[in-house]
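**Q** Sequence:
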Amino acid sequence: MKKIVFVLAVVFLAGSVLSAVDFFGNARIGYWYDMQDKDYNSGIAERTVLHYDLFSTSRFGVNFAGEDYTGKIEVSMCRTGVNLRQVWGEYDFGMLNVLVGQYYTGFFDLPNQATSIVSASENLMIGYGLTYDSRNPMIKLSMDNGAYLILMQPKLVDPIGAASLMGLDREDIIDALLPKVNLGMRFNFDNLMLHPTFGVNMCKYNEDLPGLDESVLAYVAALTAKYCMGDLTILAQGSLGQNVSDYGILSGATGGYAAWDPVEEEILNATTTAGFLEFMYKLNDKTAFMAGGGFSGTDRDDYDDPNTAMTAYLNAKINLHPKMFIMPEIGMIDEQDNENGVAEGSRMYFGLNLQADFDLNIK
Numbered sequence: 004m005k006k007i008v009f010v011l012a013v014v015f016l017a018g019s020v021l022s023a024v025d026f027f028g029n030a031r032i033g034y035w036y037d038m039q040d041k042d043y044n045s046g047i048a049e050r051t052v053l054h055y056d057l058f059s060t061s062r063f064g065v066n067f068a069g070e071d072y073t074g075k076i077e078v079s080m081c082r083t084g085v086n087l088r089q090v091w092g093e094y095d096f097g098m099l100n101v102l103v104g105q106y107y108t109g110f111f112d113l114p115n116q117a118t119s120i121v122s123a124s125e126n127l128m129i130g131y132g133l134t135y136d137s138r139n140p141m142i143k144l145s146m147d148n149g150a151y152l153i154l155m156q157p158k159l160v161d162p163i164g165a166a167s168l169m170g171l172d173r174e175d176i177i178d179a180l181l182p183k184v185n186l187g188m189r190f191n192f193d194n195l196m197l198h199p200t201f202g203v204n205m206c207k208y209n210e211d212l213p214g215l216d217e218s219v220l221a222y223v224a225a226l227t228a229k230y231c232m233g234d235l236t237i238l239a240q241g242s243l244g245q246n247v248s249d250y251g252i253l254s255g256a257t258g259g260y261a262a263w264d265p266v267e268e269e270i271l272n273a274t275t276t277a278g279f280l281e282f283m284y285k286l287n288d289k290t291a292f293m294a295g296g297g298f299s300g301t302d303r304d305d306y307d308d309p310n311t312a313m314t315a316y317l318n319a320k321i322n323l324h325p326k327m328f329i330m331p332e333i334g335m336i337d338e339q340d341n342e343n344g345v346a347e348g349s350r351m352y353f354g355l356n357l358q359a360d361f362d363l364n365i366k
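Counting in the numbering used here, the sequence shown runs from 4 upward without gaps.
Because the hints were derived from the structure by calculation, they are not lab data.
From the three backbone atoms N, C-alpha and C, an ideal C-beta is built for every residue, glycine too.
Please note: incorrect hints may appear among the correct ones.
[Unchecked claim] What follows is a set of in silico ranges between Cβ atoms, one per label pair, in the way DEER data are often shown:
| # | residue 1 | residue 2 | range |
| --- | --- | --- | --- |
| 1 | LEU317 | GLY164 | 39 to 47 Å |
| 2 | ILE237 | LYS289 | 17 to 25 Å |
| 3 | ASP308 | ASP264 | 16 to 24 Å |
| 4 | ARG173 | MET146 | 29 to 37 Å |
| 5 | LEU181 | LYS289 | 19 to 27 Å |
| 6 | ASN191 | PHE27 | 21 to 29 Å |
| 7 | LEU215 | PHE96 | 13 to 21 Å |
| 8 | GLU210 | VAL101 | 31 to 39 Å |
| 9 | SER167 | ILE237 | 29 to 37 Å |
| 10 | GLU210 | GLY164 | 13 to 21 Å |
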């Protein structure tokens, strides 16, 4: 508690020398009925489950603004504790901006699926069509024309499981000589936005593992398009990648990890395709309707069939107050078949999210 009070005191004092300090936060709660079929429950019985969650995306933070730089500190606040979401500073050097800290990567074009039955926070079609890897420590270089380059800590991938078998850390037997890289560019043409982005990560077993000269390449490419026609907005994304889970993409619904073939003594790479489409119609200043759907599929040489999953939903955002809104939604999540051709079941759901925002600006 003393540490929190100290940090807040420092922030208030900093406000006297900065152009602006903006405190912000929100509380997010979901109330959902989750109707699961027999296949989802291992063929035992259908179930209806109530989810009543204080979202892990509830947050508190501070925005800072100076003459030629901005910054942010943001933490999540829920029943399980407080966790860091963002901490970064971005500096304007004219044609080039430099950001240092923890922030979102280029895989950050989010749809509006509201349900929390998958992860106790807004699903957003993560793993069911959206390609997303959350926030990462980074150095980001960006330009006013929309181009950017992001350098991150590389992932050390061990498809053999050698580190565990030998009782070692991955750092002891796997090398990564280059950072994980994400580069892309946002193009804006009147009512159309196009955003291609590409990420790559490479690592290699080192010579401390004799007789094994294998490297693991993980990459993902995505193209997002957003088109506005008056009150109607269309958002779409398609992606293709190799070993996307090893790269860091959140794709638990269908996987995406490299594996080891002990017979052929080679690495098996997983290929994932995904995409989503969403329509949003703004009825008035207080109400908007959204409908969307997404699909993800992963295949690997040792799979009998591709592991696939999909989702679809219809919702509305209704502003009850300038600082509060609800999002009722009805939808379905179909886990479809796994890599062995076994049906994993589906879920129908309905419910709503309620979000309350608050802020305080010091100038």
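**Q** All the hints need checking, so say for each whether the structure fits it.
**A** Structure-based check of each hint:
A hinted range of 39 to 47 Å for the beta carbons of LEU317 and GLY164 is consistent with their spacing of about 43 Å. One distance hint, 17 to 25 Å for the beta-carbon pair ILE237 and LYS289, holds here, with the actual separation near 22 Å. Between ASP308 and ASP264 the Cβ separation comes to about 18 Å, which falls inside the hinted range of 16 to 24 Å. One distance hint, 29 to 37 Å for the beta-carbon pair ARG173 and MET146, holds here, with the actual separation near 35 Å.
Distance hint check for LEU181 and LYS289: the Cβ-Cβ separation is about 50 Å, which falls outside the suggested range of 19 to 27 Å. At roughly 27 Å, the beta carbons of ASN191 and PHE27 sit within the given window of 21 to 29 Å. Checking the proposed 13 to 21 Å range against LEU215 and PHE96 shows it is violated: the Cβ atoms sit about 44 Å from each other. Range check, GLU210 to VAL101: Cβ separation about 36 Å, and the 31 to 39 Å hint holds.
Checked against the hint of 29 to 37 Å, the C-beta distance between SER167 and ILE237 comes to roughly 46 Å, which is inconsistent with it. Our hint of 13 to 21 Å for GLU210 and GLY164 holds, since their Cβ atoms are close to 19 Å apart.
The structure is inconsistent with the numbered hints 5, 7 and 9, although it conforms to all the rest.
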